[in-house]
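*Asks:* The numbers in full-length UniProt numbering rise by one with no breaks, and the one at position 68 of the sequence shown is 68.
If you're looking for bench data, these hints aren't it; they were derived computationally from the structure. Keep in mind that a hint or two might mislead.
Distance windows between CB atoms, simulated [as the list claims (entries may be wrong)]:
#	residue 1	residue 2	range
1	M43	S75	34 to 42 Å
2	T49	S75	34 to 42 Å
3	H7	R77	39 to 47 Å
4	G44	N18	40 to 48 Å
5	N18	D71	17 to 25 Å
6	R30	K3	22 to 30 Å
7	E74	G32	23 to 31 Å
8	V76	G44	42 to 50 Å
Computed from a predicted model, the values in this text were never measured in an experiment. All residues carry an ideal CB built from backbone N, CA and C; glycine is no exception.
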Amino acid sequence: SGKTIRHRLNRGGSRTANNVLWTIAMVRMRSGPRTRAYVERRMGECLSTKEIHRFLKRYIASELYPLILADLEESVRVP
Numbered sequence: 001s002g003k004t005i006r007h008r009l010n011r012g013g014s015r016t017a018n019n020v021l022w023t024i025a026m027v028r029m030r031s032g033p034r035t036r037a038y039v040e041r042r043m044g045e046c047l048s049t050k051e052i053h054r055f056l057k058r059y060i061a062s063e064l065y066p067l068i069l070a071d072l073e074e075s076v077r078v079p
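From just these sequences and the hints, can you work out the full model?
*Replies:* Structure representation (C-alpha cells):
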C-alpha cells in the first residue's frame with residue numbers, strides 16, 4: 001500500500017556479470033521491439049523504470065544461464 005520504494009542491494013556475485021546484464025538490458029530496452037513492447041506494457045502498470053530494468057535483468061540471466069552451463073560442460077569435455 002502507498003508508494004512503496006524498494007531498495008535491493010546485491011552484495012554478492014560478479015560485478016562484471018552484473019555489468020554485462022545491465023548493458024544487455026539497456027540495449028534491449030532501446031532497440032529490441034519485443035522488449036520495448038514489454039516496457040510499454042509494464043509502464044502502463046505504473047512500474048518504475050528501475051523495477052522494469054530489474055525484471056529484464058532477471059529474465060536475461062535466466063536465458064543466459066543454460067548457455068553458460070552448456071559452454072562450461074563442452075570446455076570440460078574437450079581434452
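*Asks:* For the hint 42 to 50 Å, verify it against the beta carbon of V76 and that of G44.
*Replies:* 46 Å, holds
*Asks:* Within 34 to 42 Å: is that where the Cβ-Cβ distance between M43 and S75 falls?
*Replies:* 41 Å, holds
*Asks:* Should the hint that N18 and D71 are 17 to 25 Å apart at their CB atoms be regarded as holding?
*Replies:* 19 Å, holds
*Asks:* At the C-beta level, are R30 and K3 separated by a distance inside 22 to 30 Å?
*Replies:* Check passed, 27 Å falls within 22 to 30 Å.
*Asks:* Between H7 and R77, is the Cβ distance one that fits in 39 to 47 Å?
*Replies:* 43 Å, holds
*Asks:* Using the beta carbons of G44 and N18, state whether their distance is inside 40 to 48 Å or not.
*Replies:* Given about 28 Å between the Cβ atoms, the range is violated.
*Asks:* Return holds or violated for the Cβ distance of T49 and S75 against the range 34 to 42 Å.
*Replies:* The hinted range 34 to 42 Å holds for T49 and S75, with Cβ atoms some 37 Å apart.
*Asks:* So the hint says 23 to 31 Å: do the beta-carbon atoms of E74 and G32 match that?
*Replies:* The hint (23 to 31 Å, Cβ to Cβ) holds, given that E74 and G32 are roughly 28 Å apart.
Checked against the numbered hints above, the structure violates only hint 4.
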